[in-house]
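Once you have looked at the hints, place chain B on chain A.
2 protein chains.
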Amino acid sequence: MINYEQFYSANAAGMKKSIIRELLKLTGKPGIISFAGGLPAPDMFPVQEITEIVSDLMAREGEKILQYGPTEGYTPLREELLQYMKRQGVELSIDQLVVITSSQQGLDLVGKIFVNRGDVIMMSKPTYVGAIQAFNSYSAHMCGIEIEDDGIDTGMLEREIKKFIAENRKPKFIYLVPDFQNPSGITVSLEKRKELIRIAEKYDLLIVEDSPYKQLRFEGEHEPSFISLNSERVVSLYTFSKILLPGFRLGWMVGPESLVQKAVIAKQAVDLCAPPFNQAVFAEFMKKGLLEKQVAKIITAYREKRDFMLAKLDRYMPDLEGLKWTRPQGGLFLWLTLPGHMDTTEMFTDALEKNVAYVIGSAFDPEGKERNTMRLNFSFASKEQIDQGIKRLAEVIKNR
Amino acid sequence: MINYEQFYSANAAGMKKSIIRELLKLTGKPGIISFAGGLPAPDMFPVQEITEIVSDLMAREGEKILQYGPTEGYTPLREELLQYMKRQGVELSIDQLVVITSSQQGLDLVGKIFVNRGDVIMMSKPTYVGAIQAFNSYSAHMCGIEIEDDGIDTGMLEREIKKFIAENRKPKFIYLVPDFQNPSGITVSLEKRKELIRIAEKYDLLIVEDSPYKQLRFEGEHEPSFISLNSERVVSLYTFSKILLPGFRLGWMVGPESLVQKAVIAKQAVDLCAPPFNQAVFAEFMKKGLLEKQVAKIITAYREKRDFMLAKLDRYMPDLEGLKWTRPQGGLFLWLTLPGHMDTTEMFTDALEKNVAYVIGSAFDPEGKERNTMRLNFSFASKEQIDQGIKRLAEVIKNR
Numbered sequence: 000m001i002n003y004e005q006f007y008s009a010n011a012a013g014m015k016k017s018i019i020r021e022l023l024k025l026t027g028k029p030g031i032i033s034f035a036g037g038l039p040a041p042d043m044f045p046v047q048e049i050t051e052i053v054s055d056l057m058a059r060e061g062e063k064i065l066q067y068g069p070t071e072g073y074t075p076l077r078e079e080l081l082q083y084m085k086r087q088g089v090e091l092s093i094d095q096l097v098v099i100t101s102s103q104q105g106l107d108l109v110g111k112i113f114v115n116r117g118d119v120i121m122m123s124k125p126t127y128v129g130a131i132q133a134f135n136s137y138s139a140h141m142c143g144i145e146i147e148d149d150g151i152d153t154g155m156l157e158r159e160i161k162k163f164i165a166e167n168r169k170p171k172f173i174y175l176v177p178d179f180q181n182p183s184g185i186t187v188s189l190e191k192r193k194e195l196i197r198i199a200e201k202y203d204l205l206i207v208e209d210s211p212y213k214q215l216r217f218e219g220e221h222e223p224s225f226i227s228l229n230s231e232r233v234v235s236l237y238t239f240s241k242i243l244l245p246g247f248r249l250g251w252m253v254g255p256e257s258l259v260q261k262a263v264i265a266k267q268a269v270d271l272c273a274p275p276f277n278q279a280v281f282a283e284f285m286k287k288g289l290l291e292k293q294v295a296k297i298i299t300a301y302r303e304k305r306d307f308m309l310a311k312l313d314r315y316m317p318d319l320e321g322l323k324w325t326r327p328q329g330g331l332f333l334w335l336t337l338p339g340h341m342d343t344t345e346m347f348t349d350a351l352e353k354n355v356a357y358v359i360g361s362a363f364d365p366e367g368k369e370r371n372t373m374r375l376n377f378s379f380a381s382k383e384q385i386d387q388g389i390k391r392l393a394e395v396i397k398n399r
Numbered sequence: 000m001i002n003y004e005q006f007y008s009a010n011a012a013g014m015k016k017s018i019i020r021e022l023l024k025l026t027g028k029p030g031i032i033s034f035a036g037g038l039p040a041p042d043m044f045p046v047q048e049i050t051e052i053v054s055d056l057m058a059r060e061g062e063k064i065l066q067y068g069p070t071e072g073y074t075p076l077r078e079e080l081l082q083y084m085k086r087q088g089v090e091l092s093i094d095q096l097v098v099i100t101s102s103q104q105g106l107d108l109v110g111k112i113f114v115n116r117g118d119v120i121m122m123s124k125p126t127y128v129g130a131i132q133a134f135n136s137y138s139a140h141m142c143g144i145e146i147e148d149d150g151i152d153t154g155m156l157e158r159e160i161k162k163f164i165a166e167n168r169k170p171k172f173i174y175l176v177p178d179f180q181n182p183s184g185i186t187v188s189l190e191k192r193k194e195l196i197r198i199a200e201k202y203d204l205l206i207v208e209d210s211p212y213k214q215l216r217f218e219g220e221h222e223p224s225f226i227s228l229n230s231e232r233v234v235s236l237y238t239f240s241k242i243l244l245p246g247f248r249l250g251w252m253v254g255p256e257s258l259v260q261k262a263v264i265a266k267q268a269v270d271l272c273a274p275p276f277n278q279a280v281f282a283e284f285m286k287k288g289l290l291e292k293q294v295a296k297i298i299t300a301y302r303e304k305r306d307f308m309l310a311k312l313d314r315y316m317p318d319l320e321g322l323k324w325t326r327p328q329g330g331l332f333l334w335l336t337l338p339g340h341m342d343t344t345e346m347f348t349d350a351l352e353k354n355v356a357y358v359i360g361s362a363f364d365p366e367g368k369e370r371n372t373m374r375l376n377f378s379f380a381s382k383e384q385i386d387q388g389i390k391r392l393a394e395v396i397k398n399r
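Chains A and B, in that order, give the protein sequences.
Residues in the first sequence are numbered from 0 upward in steps of one, following numbering that gives the first Met the number 0.
Residues in the second sequence are numbered from 0 upward in steps of one, following numbering that gives the first Met the number 0.
Isolated chain A, as found in the complex:
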């Protein structure tokens, strides 16, 4: 018998199977209604348009798009993305943008270029589980700060940052999902955005803005992105997964040129380049003006589903002290809080018995302590499923 443990790096020794992933496996059983995944609605995917673009591109330049490409990304896609960012008020030079193989890769690159073992990262609590995994794989010390209705508690954040600095452990960056956060659905207010920029400047920190959902605003005004508020301290990650489709695994990273160029060097050792074929197809999709149309379609569909889920929650949920849920203005998720004595992990088995699934709140807590919360996804299930699923979930809660 070989002792494989001896070969693992210290970082690898700390990597654990994701709880969320193990739970998701259980939710695959037939008949189950799952609000657990973070999947976009597949009936929204522009299958026909993509097929036509592939045929056309392959006939025109098949040999080119099936070859290796530059690490920075396929030039026509980078140019489309610069225009896209510009339409959102963010002016960038081409050297400030790199195409990444999913925004998850962006999180890995951020970990790789910034994080030494034990380095402090500030983040809200709860936060995106994939970020916890990525930063954990570099053995970061993640400090979670409570989230309020208008975003992370900036007062507590500043106090914690001061404490770390006093211990000579200045945090590297503040990690945020500012719009319709995964998992809470909460958006950071303009006032808090400005406050966060002030904190980053005062204490000389970076901000990592993870922005997969920003475009999916159902109502109200867009808040300015962090990168538009400060071009020197912010690295922003974007993905096509939620605004177009995830199966091509493409996103983009923007920020100060020297940081982005460091990420390019790191990326070259990671996978040489994102798939040129996939990049060429998305470039063409954007060039035809189809992305904005696609986003508009998704917004209409998801808004309807969110409204439907909120209506069903209002209708079915019992009247319990402390039971509440967020009402996100966009995105894919809402966040449900149960009375303090209840435990969504314990309740998970009951839910599975009733054929309904969610993600337990502790998955989104860097310290894994959350007990009485759950994430509900409203983008994937059909209306019929949402009606039945929320009804079942309400029964599970009543019976605890």
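In short, the hints are calculated from the structure, not lab data.
For clarity, every value in this text was computed on a predicted model and none was experimentally measured.
Please note: incorrect hints may appear among the correct ones.
The list treats identical chains as one, so a pair stands whether inside a single copy or across any two.
Said to hold, decoys possible - Straight-line C-alpha distance at most 35 angstroms; calculated DSBU-like pairs for lysine-lysine: (1) 63 to 28; (2) 368 to 85; (3) 63 to 16; (4) 286 to 24; (5) 287 to 63; (6) 161 to 15; (7) 169 to 191; (8) 353 to 162; (9) 16 to 169.
Chain B alone, transformed into the frame defined by chain A:
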């Protein structure tokens, strides 16, 4: 002015722009004949077949293949790959195989799960530049051992391993590209393969077998892969880039289940999954029996180009003491050694002036010391270009 340097991890601080990449930029100028890239011949890409498969698959299961997929890989592709490996004498269970987003990602994952700062890795000298970059990004201590006509000098390898063990720095693994090595074109003999396995067992080390070219054997018998000789200590990396096309960025990793499963956990934090769309297309390509046909086509074409380049080298190269080149039985590259006093980096400017390019040998040396060697790629250039390019290169050498 912000001091960005303060934010970098220790590993990132050591990441440098790749020399090879900077040189490759220079080789893009019009009129230049480049033997520098490691590009497959684009006129071999099965553009028509891929286009048809895409149309067919999108009509049948577009919504499925544009969605997220499992981290381990798209099941039909994994099953095809298990069969493919079996036909090559390697029997594996499905949990011993993970689809990776390029074999470069495999090198990154190997670094991530095994390498702490300063950990020792044994490798041949010269070796694949992408491996140097990947392991350097984890601050590995890479120990390069001279390569002989039949592979790495196993005597010297064992002596160096013993020294490291005596210093209490047991190496983690031996990294090898055993077949038609990039850059040298050299293949490890059966005798040395057995000797390497013996060394790994005796000193309790792993072997990382990087195998992008193995299928591209133009003549002679296939040597057994390391994974077929020892299933407990070998992790093997494969890629579609050289046997099919690189633009989809897909490869696969196989090995002992516990190591592969550790890589799966690491991969989840890195990019969640390889592109399901691309995986589905390649699964279909394999299912139709097209991969073996494609490999046969490539072998015929590359054999002809290798023969052609060797004939031109014989014809044009001056009769200099110490000037020699390898005669690989497969792959994409050959390795040219100049007389000891000559320096291929200094000569590079002369070559560019004559509109011909190669990769300098030092790029493939973990210590960057190689001076009088160069890598020549014979897969990409046309015959006319090979004739002209080798003629020009011979003149450059004569004029030094």
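The hints, checked one at a time:
1. For a Cα distance limit of 35 angstroms, the shortest separation of residue 63 from residue 28 across copies, 17 angstroms, qualifies, whereas the shortest one inside one copy, 43 angstroms, does not.
2. In this homomeric assembly, residue 368 and residue 85 never come within 35 angstroms of each other (Cα to Cα): the closest approach is 41 angstroms inside a single copy and 46 angstroms across copies.
3. For the homomeric pair residue 63 and residue 16, the shortest alpha-carbon distance between copies (25 angstroms) is at most 35 angstroms, but the shortest distance inside one copy (39 angstroms) is not.
4. Taking CA atoms no more than 35 angstroms apart as the test, residue 286 paired with residue 24 passes between copies only; the shortest distance there is 27 angstroms, against 38 angstroms inside one copy.
5. In this homomeric assembly, residue 287 and residue 63 come within 35 angstroms of each other (Cα to Cα) both inside a single copy, at 20 angstroms, and across copies, at 24 angstroms.
6. Within a single copy, residue 161 and residue 15 get their C-alpha atoms as close as 31 angstroms, and across copies as close as 34 angstroms, so both meet the 35 angstroms cut-off.
7. Only within a single protomer do residue 169 and residue 191 lie at most 35 angstroms apart by alpha-carbon distance; the minimum there is 21 angstroms, versus 51 angstroms between protomers.
8. Taking identical chains as interchangeable, the C-alpha atoms of residue 353 and residue 162 are never at most 35 angstroms apart, the minima being 46 angstroms within one chain and 62 angstroms between chains.
9. Taking identical chains as interchangeable, the C-alpha atoms of residue 16 and residue 169 lie at most 35 angstroms apart whether they share a chain (30 angstroms) or sit on different chains (28 angstroms).
The structure shown violates the earlier hints numbered 2 and 8.
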